[in-house]
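With chain A's structure known, arrange chains B, C, D and E on it following the hints.
Protein chains in written order, with my numbering: chain A, 138 to 678; chain B, 2 to 165; chain C, -7 to 95; chain D, -4 to 636; chain E, 854 to 1328.
No lab work stands behind these hints, which were simulated from the structure alone.
Please note that the accuracy of each hint is not assured.
[Said to hold, decoys possible] Which chain D residues face chain B? A few, computed with CB under 7 Å, are given here:
hint, residue
1, GLY619
2, LEU622
3, LEU623
4, VAL627
5, LEU629
These figures come from a predicted structure and were not determined experimentally.
Every residue, glycine too, gets a C-beta built ideally from N, C-alpha and C.
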Amino acid sequence: MTDSLLTLIIFFPLLVTVVVLFLPNGKDLLIKEIALGATGVQLVLSVILFFTYDASLQPEKWSNAFQFVERAKWISLYLGDYGWLQIDYFVGIDGISLLMICLSTFLLFVGVIASWNLSKNVKGYFILYLILSTSVVGCFAALDFFLFYVFFEFMLLPMFFLIGIWGGPRRGYASIKFFIYTLVGSLFILAVMIGLYLSVEDNSLADQTDEVVHSFSLVNMMDGGYIADGILTPGNATEFLGMNIRWIAFIMLMVGFAIKLPAVPVHTWLPDAHVEAPTAISVLLAGLLLKIGGYGFFRIAYGIFPDAAVSLTYPIAIFGMISIVYGGLTAMAQNDLKRMIAYSSVSHMGFILLGLASFNVQGAGGALFQMVSHGFISGALFILAGVIYDRTGDRGIANFSGLAKTMPVFTGFVVVFFFASLGLPGLSGFVGEFLVFLGALGSDYLPKWIGIVSISGIVISAAYYLWALQRMFFGQFWTREKVWEKTMYDLTARELLLLIPLAILVVLLGIAPNIILGPVNNSIEFFVNQCFEQSQLYLAQ
Amino acid sequence: MITSILTYIFTAITIAPIVYILITKNVIRAVFSLAFSFLGLSGLYVLLNAEFMAVVQLLIYAGGIIVLMVFGLMLTKTTLNKGFITQHRSLFFGSLVSFLLFISLAALAAQSRFKVGFIEQTGDPVAQIGQLFLTDFIIAFEVVAFLLLVALVGASYLAKKSGE
Amino acid sequence: MMEMLNPTYFVFLSLFIFCAGIAIVIIKRSAIFVLIGIELMLNAANLNLVYFSQFDPGMNGLMTSVFVVVLAAAEVSIALAILLNIFKHYKITDPDELTSLKN
Amino acid sequence: MTLLKTIWPLIFIIPLFSGIIGGLNHRQSLKLSSFGIAFGLFLTLILVWVLDEPLILEWKWLESVKFGFSIDRLNALLVLLVYLITLLVQVFSITYMEHDPDQGRYTAKLGFFAFSMIGLLMSNQLVTLFLFWELVGMSSYLLIGFWYQEAGRSKAARQAFMINRVADAFLLLGVIQVFNNGYATSFTETLASGIQWDGFTGICFIIGAFGKSAQFPFYGWLTKAMAGPTPVSALIHAATMVTAGVYLLVRISPALMEWNLQVIAIGGAVTAFMAAVAALTQFDIKKVLAYSTISQLGYMILGIGVGAYQASVFHLWTHAFFKAGLFLAAGSVIHYMHELDTTKDPQDMRNMGGLQKILPVTFYAFLICGLALSGLPFLSGFLSKEGILTGSWLWGQSTGNYLVPILAFCTAGLTAFYIGRQILLVFFGETSFAKKMLEPLVTIQAPLIFLAASSLWFWNAINPIDPLGWFWNGYLFADLAATSDQHSILGVLIGSIVLTLSGLGVAYWLFRPEAEMARGFKKSNEPVQLAGKISFHGWYIEKFYDQIVWLFSKVVFGAGWFDKKIIDRFVDGVGVTGVVIAKVIGWFDQNVVDGLVNFMASISQLIGRFVTSFQSPKIQIQIGWLLLTLLVLLLWFQYLT
Amino acid sequence: MMEFSLQQVIEEIALLRFEAALILGSLILLVFGMLSNKEVTYKVIFSATLLVSLFMVDVRDIGASATGAVSIDALSGILKILFAFISLWIVFFHSRMRRYEHYFLLLAIVIGSSLMLSANHLLLFYLAIELTSLSSYLITGFSFSRKGYEAAIKYLLFGGVSSAIMIYGISILYGLSGSLSISEMVITTQMGPLYHVGMICLVGGLFFKVGLVPYHFWVPSTYQEAPTDGVAILSIVPKIAGFALLHRLLVNFELLSDPMYRQIIAALGIATVLMGTFGALRQDNIKRMIAYGAIAHSGLVLPTLLISGEQGGLAFIWYVTIYAIMTMAIFMIASMYEDFGIKDVKDMKGIGIQFPIMGTLTLLILIAQIGLPPTAGFTAKFYLFSAIWNEYQTSGATIMLIYLIVGLLSVVLALFYYLKIPFHSFLGTAESPYFGDFSIISRSVVTIFTIMVLWIFISPEFLNKIAFNINFIGW
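Next up, chain A with everything else stripped away, as it sits in the complex (with noise of 0.2 Å):
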């Protein structure tokens, strides 16, 4: 069971979706249904992945830090002069990406209910629903770096359709603003990916050990398994524009996952896309496709290019504290609900900018934890929103005031998820946020003012919800149009399914995130140590 289970994470759906694609077009609740199963399996299984993940393991080497390990040949092609050219299907989790399919399967099967009001084509709309489900989580489990782009392409055809036909009015716009920008910097990646694969060699797995074999594994590039006069190999002295191959790489990359996570200045397609997607494509965009920009720091940015990183702590940092910064500052300025969030988005995804680029454990461990309370929080949140378009068709802050006279529970959820948000200790956004700011006053590579700007960040977070807040739910009871006030009624039974468990996990891991932080501890150390290592090696050569 557990030797392929990952592979039945990743799979399952789109099993489930030849299945529903069969169905006849009526049955909308059987759909939904299915749906909903397939996604409840896929979340027990990443449970029990949880629980059966080796939390003990100390590893040497990246080759050796996965667990789950599935690897099978997948394309080997010849390629004369360049010898061999490796594909497989190479999938296996650490810590880091333990969590980031954990966090995909619930936030997947929590999306489900919250797209169960749906009632316009159903049928294509969880197709596309599960296909996303099969591609988010292939994605963070991805260890062949060809199958990680195959994945992340994958999924943008699914999210621009989602948005694209159940989305809001100026949802031709949004969905082609988030496709461009998506696909924009997945150029980049790729431009990087074939670099890499042509200055790597992996014969792990190959029968023609006379020949080279280039692979595609990132587990081979994490370890540094170059060739010696590749385009990427360390100490390649090639400079474009005056700096190193390696670090134009390096910003490719960043470019291409900052355009995902997003940060500023690239962030301009997320609030968008955020107002215009419905509510359950919110929830994941914003809890899932987001963190797959992070993912790709981590794994990618930073496992592959460490010298790199190393050498650009300093501008990535400052990125991140002007993604924190600034992005409260516009979320501030905000009208409608959806979109304030979405900068708040911006805003807390500059954290793990600033976090990784404190190269630390906490620092580390920061972002990777403030990806997953993130994922739960602004989950939360656009659910919180979706309910008020739900009934109203409008999120206007400045078209309702007093809404917790006439939705109390509501009401409550929101000062519980927009405090939680704003980092509020004892609910899980303020464990993030603190280890980041512990790893980026303390670390090696960044002067503090970097540091003590971003804390800054909390206050402004706060004056953004507090008055979004006052605004909206205190006051006199009032909306612009008055057929609105006969449709406000409180939160059903399945919104509260939907919040409660987000609402207990955020207290959760902020009361004891070591519950998550725990068993992944060693893959964030060994993460940071052998980034610092490697960095030093490739620096040296």
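Relative to the frame of chain A, chains B, C, D and E by itself:
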């Protein structure tokens, strides 16, 4: 000597109608002058030891294609008063392109060395041609037969449609 | 049979016919004219083939020219079949007035 | 020890439970939860009784961060105080909140507050402290904004929280500094290690403490916090929460550098003076008390700065009682003002006067507590204030810096004056309300009487003039008593008594019922001369905040504009993608679908048109192009070979 | 004079048994066509002919005939199988009462194309091209619409000029070398510069067949107006044959050793890619857009001919196979939309929502056309670009780098024009719902194609094996 004179004569018979075609706007006259040109060409063929080809030229071109074109003209004649007069267009562009092509190709041709070496002809050329059709060129012969069938089937089908 | 003519003579002659065909194809407005131009171009090739065939014991050129003539006939017949239909629909045969297929 | 370990979690959790239980039951929630709190109080008494050695509890929160509590005598006593005041406030609220439909929510919030406050007091690890520090802030926010339907109140709640949040950011920075500089991360270890923190870390903590304890320049939030229900003000914004900063400074003061302590002393003194000045001219009954609280907190902070932290803790203790008493009394006044006449602002002192006869119990409670505040001998306030004044005087002597003691003494006089003014204006003179009302239920009276009674000296010390004779002094600072000797100095003693009396005297002279100012008071308006304006507007601290907020909002909207107009466009403007998006913006709104076509057309405008221009629909032109291309190729060959 | 022997003729015919079978089948079709009025009959005979001829191909059967007119290599065997296999699907096009002439001409195109593959003599070469061309002109006219005839006559005139130029080039080459056999023709530098003229004219004839710049003009209007099943054949079979033949020419005449030819061919290829890509951006008509896309595809196949060694051959086989599959699929889809009366992209609003499966299949096929994962289109482009990159690395020719960049650019831009279709069909809203449904047969066939495209991406071993089994010596 005679051959040379004949060659020049036939060349003139070939070129003069072509020049007329270039100048004229009358389609029907152009078609008939084309026939004259072909006549000249078959004369040249005779001089070049290709009597069979000369006959074919006369039969198929002068007898077939020209007639076909005339029929075509008749069937698609637009209006009486317009007659068979057509117009020139892109005169400058067309002349320029063809003139430049002629100049540059001629310049190249003048520098080229063709594979010419006189060989003794044995036997009847026409008989040889007949033999070749059924030996070396058997495939081509059959293919062209099929091609004609295709053209026949297709053209008749199209023509039938136009008649409907 | 007779003295050899300068090869460039025939090459030039065929070149002239070929270029004249090109000029006709481009300049004249009538479809029939264009066909005439094409025929001239084919005949230019034929002239070359026949001329050079003298020096080839396999008579490849001569044979080829026969096939070219046949093909020319087939092509003209198809062209006319299509032209008839065009005339039926458009009442014109000038190809440059057929401009309904635009970019 | 086992007993401790058993009751400790109970003490910790009871308020939360009583809050939840109370919150579930709507009508009787306050009563129910009062029983819970009473039980907790009982347990705390046992705790205080049996506690000898500090109890430390720790567990791993993160790999490198511990989560931990410790219970020693200081926080046990303060927990007792929290319980006590909470109980009184809850009892008081039974009547006060009688008609409020949201009583359950009120109870829940109160319980949550008490829980957070107790957690704060028990915290040993700095992270734990910060956690509860923020929870306290949040519960304060929720309670200030309790009447959320009034826009002003929820706004005040937000502003109060935001000001706190700014200070909290510094506290967080300080905590992180402690971690990163390798200092001990808990109070007990800090004390044991004897390591001094660097000045920056100290300042971060000081700013954090100043924020919570409403010191300059953060004191503005406390006046805003008065938007909450008055019992809440009594509990949170007088007795407990605001003293968290004092408590924190008491805890960390051993680790602070000398100049840090000076900052504390000067900051406290300045705040004490400024707030006292501000209290002079207020019309709002609660605002006077709020400024008074700020001023008294300034005393406590000052005390820490000058090294008299025993006196500070003592003042914290006594102040909790008499200030809670004052607030509850004011609450009682407001409650009945509200019942008497709903048209007038029930908090405006200009509408009051002569309430002595109508609310006798309230009057006496207010009087006693007020005099305790002013520092009359034989009342608790005198004792503790004496300790601080003495400490400041000694400090002045040793450092040569007399600014702090001078401000402290001035404040003493001013305190007496403004509280005297308030008592006179509220309770004396003519009443406009004809009917005499019996003061009602025991739930209102009992807390008042209790608090007034506990403001007498003998509950605290036998000797009415020796602050070190505080009963709890030996309990709390047994090991320290020998090292510092701050028994009152005669000069200080006399000076403070004289100042107090003269302050009261001037107040009486100006505001006795028959005096001109007292009679004109009811129709008086905001002061117009400069000094009065400064005082009335609390040194314009809110204007100052407003300026900052205004600036901030400009930045915010600037950022919003920048994002929309510049970044979006700029990023979009880079590269092909950019042109696409830029065009999209233009077209999409009108016609989503055509946009795609159009922007593609515009990208490829030059190339595309050029390219397709060859694709003339005219066949002969096409052939011409073909031949021209061939010609070009031929020429190319001709020239290149 | 050659020795005459019946044995030779039989041998020659035996080498061409695939074509012979097809010709025989087409004649049977003609006969039955006159007897029967049922379209099913034509379809059955058509497919039976192709099926039978499939068994006539033996990849191992390599050689040249005694007369030198025909020569067969492994590549032509593979491509013949591909032709027959791809053409088979034509019968699944939903058609409105086609006559037997239609199928007969489709067969003629296939016959001409496979003859092209076998041609070693320039006469046969010319005849095969003309056979394909003439049938193509006719098939274009078989849409029996105004615009169809217009496209046909334009195609014919353009093709006539092209073939005239080609035969003129052949005549020049003949004059210079005295031979018409591709493998025997001896080219020496002493011949002088006219040789290049002949060569350019000759190669031009193939450029016309595959639709490369500057011979691409006929493509858009023909693809737009010809009957869709005809275009499907037209855009796949003669094009692939043309490329194979072009490769044979380039190899036999050793043109690739001349950097000048490489440069010119590469430059024309780049121009083709740009022309196709940018031209497609402006199109609204679905088939015209696909036509421009096909031009771009041609431009992308071209560089594989310039790359010698296994890489080039592999990239070629991959690209043309995937191109064949996805082009057949896309035209089948286009014909299905035509049945709804949809010819323009703008008419497709909301159709993907009403018919989600159809929309998804369309989308997947278009993704393959663009060359994105998870479709085999990506793999093909991947091999292609790898090969170009390798060529650039080894030869250092800048033009190959430019080729690579332009190729990548075309992928990006392809995204824009191809995705117009799913964009409209999914994101647009229909003014009124579409009536009717897609025929189940066509849908299943498209599904099969889509699965093929996906499956080859996931499991490329099969195609790799085929590609490796061909003797690439000489590529």
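Structure-based check of each hint:
no. : hint   : in the structure
1   : GLY619 : holds, 6 Å
2   : LEU622 : holds, 5 Å
3   : LEU623 : holds, 5 Å
4   : VAL627 : violated, 10 Å
5   : LEU629 : holds, 5 Å
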